[in-house]
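S.K.: So the chains spell out like this:
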Amino acid sequence: MSHHEEAVLERPEILKEIRPAHLPRRPIVENGRDFHWITEKICGIIEGKTPVWWWVALCVALMVASYTGIGLLYLVSTGTGVWGLKSPVFWGWAIVNFVFWIGIGHAGTLISAILCLLKQKWRTSINRPAEAMTVFAVACAVIFPVFHTGRVWFALLPGYLFPFPNANAIWPNFRSPLEWDVFAVSTYGTVSVLFWYMGMIPDLATVRDRATQKWRQVLYGILAMGWRASARHWANYEMAYLLLAGLSTPLVLSVHTIVSFDFAVANLPGWHTTIFPPYFVAGAIFSGFGMVLTLMLPLRSLYKLHDLITQYHIDCMCKITLATGSMVGYAYAMEFFIAWYGANPYEQFAFINRAFGPYAWAYWIMISCNVISPQLFWFKKIRENTALVWVISIFVNVGMWFERFVITVTSLANDFLTSSWDYYSPTVVDIFTFFGTFGFFAVLFLLFLRFIPLMAFAEIKAVSPQGDPHHHAEKLTNRP
Amino acid sequence: MSKIHGVIALFDNPHDIYHAAKTTREAGYLRWDAFTPFPVHGLDKAMGLKRSRVPVFTFLGGFTGFWVGTAMVWYMNAFDYPLVVGGKPFFSPIFPFPVMYELTILLAAFGTLAGMFITNRLPRHHHPVMDYSQFARLTDDKFALLIEATDPQFDPERTRAFLAELGGHSIETLQE
Numbered sequence: 127m128s129h130h131e132e133a134v135l136e137r138p139e140i141l142k143e144i145r146p147a148h149l150p151r152r153p154i155v156e157n158g159r160d161f162h163w164i165t166e167k168i169c170g171i172i173e174g175k176t177p178v179w180w181w182v183a184l185c186v187a188l189m190v191a192s193y194t195g196i197g198l199l200y201l202v203s204t205g206t207g208v209w210g211l212k213s214p215v216f217w218g219w220a221i222v223n224f225v226f227w228i229g230i231g232h233a234g235t236l237i238s239a240i241l242c243l244l245k246q247k248w249r250t251s252i253n254r255p256a257e258a259m260t261v262f263a264v265a266c267a268v269i270f271p272v273f274h275t276g277r278v279w280f281a282l283l284p285g286y287l288f289p290f291p292n293a294n295a296i297w298p299n300f301r302s303p304l305e306w307d308v309f310a311v312s313t314y315g316t317v318s319v320l321f322w323y324m325g326m327i328p329d330l331a332t333v334r335d336r337a338t339q340k341w342r343q344v345l346y347g348i349l350a351m352g353w354r355a356s357a358r359h360w361a362n363y364e365m366a367y368l369l370l371a372g373l374s375t376p377l378v379l380s381v382h383t384i385v386s387f388d389f390a391v392a393n394l395p396g397w398h399t400t401i402f403p404p405y406f407v408a409g410a411i412f413s414g415f416g417m418v419l420t421l422m423l424p425l426r427s428l429y430k431l432h433d434l435i436t437q438y439h440i441d442c443m444c445k446i447t448l449a450t451g452s453m454v455g456y457a458y459a460m461e462f463f464i465a466w467y468g469a470n471p472y473e474q475f476a477f478i479n480r481a482f483g484p485y486a487w488a489y490w491i492m493i494s495c496n497v498i499s500p501q502l503f504w505f506k507k508i509r510e511n512t513a514l515v516w517v518i519s520i521f522v523n524v525g526m527w528f529e530r531f532v533i534t535v536t537s538l539a540n541d542f543l544t545s546s547w548d549y550y551s552p553t554v555v556d557i558f559t560f561f562g563t564f565g566f567f568a569v570l571f572l573l574f575l576r577f578i579p580l581m582a583f584a585e586i587k588a589v590s591p592q593g594d595p596h597h598h599a600e601k602l603t604n605r606p
Numbered sequence: 003m004s005k006i007h008g009v010i011a012l013f014d015n016p017h018d019i020y021h022a023a024k025t026t027r028e029a030g031y032l033r034w035d036a037f038t039p040f041p042v043h044g045l046d047k048a049m050g051l052k053r054s055r056v057p058v059f060t061f062l063g064g065f066t067g068f069w070v071g072t073a074m075v076w077y078m079n080a081f082d083y084p085l086v087v088g089g090k091p092f093f094s095p096i097f098p099f100p101v102m103y104e105l106t107i108l109l110a111a112f113g114t115l116a117g118m119f120i121t122n123r124l125p126r127h128h129h130p131v132m133d134y135s136q137f138a139r140l141t142d143d144k145f146a147l148l149i150e151a152t153d154p155q156f157d158p159e160r161t162r163a164f165l166a167e168l169g170g171h172s173i174e175t176l177q178e
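Here the protein sequences line up with chains L and X, keeping their order.
Residues in the first sequence are numbered consecutively from 127, following my numbering.
Residues in the second sequence are numbered consecutively from 3, following my numbering.
Looking at chain X on its own, in the form it has when it is part of the complex (with noise of 0.2 Å):
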């Protein structure tokens, strides 16, 4: 018999879904999740969840992007071949603005795509989450809330309790 992944119940709305996700971090659970096919307003604090760590990424790349962009005019245009233009100077922070600026935010941009893949831990095709059978409706107009086995607080008739309490239905127990 392969291990229980967990137990998922369904919720139509999104008020539904908010008070159950509420009630559950109040209950003490840890290691659960929602799914919804929108972002809730609100969820992520009634969820109890951390600001996103997605910046750090986005603030590496601009960082990276500032000093790429302005070695990279130093050293075509003031260093390897300092280039002669209206006897100005071969390096100034000016004329290369436009080209720092514009690699900041590219490499900003790759940084944030890259840590919003790296921080969801994606792509990762296959979840047991995928194998409930309301899973379509997930990405469609319902909700539900996950409680994973590996919870301290889980046990399998209890917490299919507790999420009936919620106001969950079509309750079933995900295997791994």
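Excised from the complex, chain L in its bound form (with noise of 0.2 Å):
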């Protein structure tokens, strides 16, 4: 007999002998919840009457969005003067806010995609909260850069922004990130919303066989384009997820390299440099998540969400938000080595002043939320404590928003010349239009959770331990 053959015959004898033990694995699904159990569950969330608390969250969201809008109008209609803008800090709120929200929206896609291909079954319990996480902030984010030309109306066209002539029959400038990020930021945005899509296609199929009403049978049945459940049509269904997942990992790493180069591409010292493209996608990512974190926490409890989002997802969620947090306080640490070590006077005068000088107030927030308290989650008690952990994103949060601050504004008010420098100070209407944008993306969230299945439980269905074709049907509990 062949060696091979011989392998093949000897390796069940050893597993007689040996008899390894069975890896018991958390289940992504507690207390062995069956099928049904988690239909209901979510479909629960959006069938029946709508729930006070849902319109009381709404007026107060309407509110604070309202305050963008304002804030624009009183922008367009006055100019740009009435942002905190003044040589030489020509970029300031706008940028960071823009910067800001894209960031958080990629954590969205790395749930989605890059756990996809790396076959994290956990991530079915928060990948469509989080992408819609992600649809959101990109909408909250393209406020500013459109907004930022102050002729608005020329964002569009003729071309600020995107391939149309101007007056002049000039058109962009490609050889501008500000150009690319066009490109990327709306790419981003429209292969997200196409993912988000056709992932709920087989869940709002399942709200369409169960809708009682009229409206809601045609409304969801439209959306959800027939989808019966075929065997032959999950096998093109999963093969397309899967290439949405392959095309969506590249372009989530080079969005926000691209949204980096906007600083890197510019000679200033503390932006010229080759670590933005690591440096902003991991931060990118820990932002993100800090997000994520922020909104599944409430909605879990509220919900009453434990078997699906077990302490086993948290700490996945806390785990990857300390790694990522962990690289972006390496490169703070990089940065300044590098200032230091390639002898720039410029560059080393920037790290200093960000620490040390009229910013520091800000430099110190950023190292305290970034740097030390991701580092709680190597801790499981801290991880067990919900809510510790909710409070830890809230400052994730906001030092990833300081971060963005220190990088562009420091660079700026303290450059080359020192007969130019000035203290950059934001306006009220910079302010509130800021705030306002987090009472849109409540409202667009509460719009979601309302109309839309919270979570893709045909996705944990298919990772539950009792979705597995080859699992030896077990007593299957159904506790309320």
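Note that these hints are calculated values from the structure, not bench results.
Keep in mind the model is a prediction, meaning the values are calculated, not measured.
Don't be surprised by glycine CBs; every beta carbon is placed ideally from N, CA and C.
It cannot be assumed that every hint is accurate.
[Claimed, not checked] Listed below are several chain L residues computed to face chain X (Cβ distance under 8 Å; list not exhaustive):
1. 292
2. 296
3. 353
4. 585
[Unchecked claim] Computed list of lysine-lysine pairs in DSS-like fashion (alpha-carbon distance at most 30 Å, straight line):
5. 52/X - 247/L
6. 142/L - 445/L
7. 245/L - 52/X
Build the complex: two chains, separate frames, hints provided.
M.R.: This is how it looks when you write it as structure tokens:
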């Protein structure tokens, strides 16, 4: 017999002797919930009467969103002078807010696409709300590059942003990362919407089939595209899903790289460094996971989703936050080191100035929120304290806004010539326009919670233990 | 009397539908399908399905996107109104790369979604299986096997018996 055949025959013998222990894995769905329980749990949220708290939250969110509406109206009618920009700081809160929101969106794509390619089954409980967060975050982000042009009607036609010829028949400058941004962010927004939509088609079909009112049958029926759960369709669907995941992975990595090029391509000390692309991408994922935790932990308590978003899920999210936070901390240290090692006096000054100059207050907020707070996630006791995890996630978001602020403003306010230096402050219009975007995000997210299944329950069923065809049927509990 | 579309049976768990599908394929049936509320691991192999054609659409989209991006940047910055920026070349493969890359991904994504709908022949808002009394459970927690009347081996009585043997219940005959 050939060596291969001998090896094949040998394996069963050895296994009988050794009897390897079955490695227990933490279940993705706890308490042995069956498929119908999962369907009822998630669909139940969008069926039935709208709860009172939702209306209250919507009113508050609309009120906060109006700050952005009013701020933008005032900006367009009066002019960009209503913002705090003045020499030498011509990039202020607007670009900081833009990078902040785009960065938040990146976690959604990471969870959907990258964790899918890495076969991480726990992603199925959080991928739909995370993708929703991405789509809405991109919507909040694009407000800033569009409105900062002042004469917003020129942003589209003729081309400040999009490639249409302007009044002098000049096309946009494709050597500029600002133009690359237009393509990167539009592509990112569009592909995120496509991926999000395709992922929800089977779940929309379930909602359609459970609908008792005609308008719901029609609305969800149209969106579900006639999905009938055919195995032949699932084969094409799974292939398309994998392809979109494979496309979204290089997309998410490239989008924040291109955003980082807005800074890295310029010659300013503190900006012109090759660490920016990976540093920005890691920072984006870090801030995005902070926002995912901020959103999911209250939802988990509110809708009693403890069996679907388990401690294992929270642990995994905390660990990714810790890992990316550590990468960001490493990047800070490296920037400092290279500034010293590179013996460039302007670069050295830029970093001393960040820590001890007029914006030192912002710098130390950034360091404590980004470097110190995620390190707490090493400790299991802290990861298991949901309230504390939520508080740390808020710090992560605050810290990441300050990081973009520190990068943008310190390099501009104190650049090469001391006679040009000045201190930049935002105006009331800047501040309200930014905080209003949280209201806008909340309005969109509340609408999502009310009308679209909160979780990808078809995917959750597929990764649950009983979803495996080779799993021996065990007694399933159906506790309320 | 309207034509028969086929015979359908209900199964309770992924294990049962997997083995039922395997047996149906081995029995030589050609025009049949399984219905599952989620993709069951290995079911497409058990059914003998060939690899999906969606990647073809993805590739076509991506290829188009790449060349559209290249052509657009060349036309706009090097041909129609050559833009002088720091004495750099009017066109090189380096600076348009982000735009080419993003358009490749954008059109590939559109191709993928379109490919999924085209290969699945969706949207199709009505299909005979939706008249099955247990259809709502197919998107919830039950599994089904449907053998169509156009299959050469189809016989109303014998196919029903075959499905019952596989372990199916709630067997019904579907009309067109």
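S.K.: Going through the numbered hints above, which ones does this structure break? Give me the numbers in ascending order.
M.R.: 1 and 6
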